[in-house]
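Line by line, the protein sequences are chains Y and R.
According to the numbering used here, the first sequence is numbered sequentially starting from 1.
According to the numbering used here, the second sequence is numbered sequentially starting from 1.
Quick caveat, the hints were computed from the structure, so don't treat them as lab data.
Be careful, since some hints might not be right.
[Claimed, not checked] Listed below are the simulated DSS-like cross-link pairs for lysine-lysine, each with C-alpha atoms no more than 30 Å apart in a straight line:
id, chain 1, residue 1, chain 2, residue 2
1, Y, Lys-180, R, Lys-5
2, Y, Lys-233, R, Lys-221
3, R, Lys-45, Y, Lys-145
4, R, Lys-5, Y, Lys-145
5, R, Lys-221, Y, Lys-180
Chain residues, written in single-letter form:
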Amino acid sequence: MQQIQSVIPRRRATRSTRFNGGTIFTYICLFLWSLTTIYPLFWLVNNSFKLSRDVMNNSFTIAISPVLTNYTTAFDRINIGKSYVNSLIMSVSTVLLVLIMGGLAAYVIARFRFRGRSVLYSILVATLLIPSFSTVVPVYELLIKWGIVNTYWGLILPHTASNLTFAILVISGYMATIPKDLEDAAFMDGCNRLNMFSRVFLPISRPVFASASIFVFLWAYNDLFSALIFVNKDSVRPIVALLSEISSQYGTDFGLMASAVSITIIPILVVYLFIQRYIEKGLTEGAIKG
Amino acid sequence: MKGDKKYIFLFLLPAAIMMTTFVYYPFFKSFYLSFFRTTGFFDKKYVGLDNYERLFSDGLLGAATLHTLEIMLYVIIFQVGLALVLAVMVDSIRWGKTFFRTVFFFPIVISGAAISLLFVLIYNFQFGLLNGALESLGFDKVLWLSENSALKSVAIPTVWHYVGFYFILFLTAMSKIPSDFYEAAKLEGITGIKKTLYLTIPLILSDIKVVLTLAITGTLKVFDFVWILTRGQNQTEVLGTYMYKKALIDLNFGYGSTIAVYIVAFGVILSIVTNRLLKKEEITY
């Protein structure tokens, strides 16, 4: 069952501020781990500003006179900009569809009493156990039959369907905690169910919509498996599939590889730094408990 | 409320259509296809349990299963273990919590494909980060993706990628333990490691269970790292890449679907076992 967890920070018993051996050891460990998450990124970006020759000879030196060759190659020769746009179009569409469809379904599951509700809920939880490996072949067949392989819809539709389960569970978990009085008051004012959804539940549930959209975006943007199969033509290829292509085609052009990976991850990291608090909020408030 | 039926139907319909078309129907169709021998899309012949017989005598599938299980072991020990240790550590410090939370989450926002490519560069024999470091310390270079070590080399980015995710889940669980528990422990003189072992960990056991289930079933979906780093060569084939090769490169949909059914069954069994093994009363504060 799901349970909504509050994020109110709790005060702990006051601890002494004096640093002892244990604390220093703790900090050393934590800094070492953060080094593993920061240094490779720095190393990567740094090398993306060097010529491949220099990457090979001294990858640790700092690029004092940065060259942009790799970046111009990435945009001119492998057309990374196009893939970027493809990725954004498909991921954003997926997020929008998931939020609309998932939001409506979550509202029903959280706030309506009807027969078969708990069965529906159990089916949803069980759906989490269906990996995309077990749906890919028939989906591929369908897409071919409809002629939408290698079109944007060819990835948007399967991605929307596979992210709906997560979104419905998380959003309905949040909506279930909204006080009933609010609903009653809205009824008094003559709200019907649709208005109730758009005027009451949607605004109140904004935090969970925000965090659900972040995760759906990340999963859609980062999913290599479906991208390789459903949209693998140059004109619609998203950036993850392009990265896979680069590793096999340009596996020796190290500067180019470094710049391609940098281009893929830096914007996402920057956005992450800005919206980071929503991610944690979503994880904590909408956590599904087993 | 009056007229609710109409809204229940209307609101559920879009999601229901989507999921039936792209999840439930394909899922059952896969099961159906697993009883056929196929060539291409439209030519198929019913063969009964032939595919399943092949499944159990398929040495490559056995190897892929073992490799997946080995990665799963690393994931349980290192990914979940490290996440727990880091969460205990961050929970105990006063200064820099936000910094560590932010930084530890970095890898999760990066796609597996990008991380794999990053590790292609890190593992590179000539100039890679690791061999560069080894050389400057006076050691010999190592062939990281050779047959002996490739699976471990693939497991490292797999583990590294999601440590931060479970770390945040653990940290959240810990922040919900009421402070009275710690105050009582302090009065009894229970601190440090003892406090962690006898107080914190038992109190977040249900969260540990959830994380273990997520981590174990997640390992069955490993694909990106193996595909980009080794293409499944050098003893690194896992269930995901093997299924992809059979179904979508050899275009053997029948047998590919059989492997998919096997992966689902494997996942269901593993999550039931995990939940049985860790069955314990839930704690409510």
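Hints, one by one, checked against the model:
For the proposed pair Lys-180(Y) and Lys-5(R), the alpha carbon gap of about 20 Å is at most 30 Å, so the pair holds. Straight-line distance between C-alpha atoms of Lys-233(Y) and Lys-221(R) comes to about 24 Å, which keeps the hinted pair within the 30 Å bound. At roughly 20 Å between alpha-carbon atoms, Lys-45(R) and Lys-145(Y) fall within 30 Å of each other, so this suggested pair holds. In summary, the hint linking Lys-5(R) to Lys-145(Y) is not supported, as the alpha carbons are separated by about 35 Å, beyond the 30 Å threshold.
The straight-line distance between the Cα atoms of Lys-221(R) and Lys-180(Y) is roughly 40 Å, outside the 30 Å bound, and the hint therefore fails.
Hint compliance for this structure: hints 4 and 5 are broken, all remaining hints hold.
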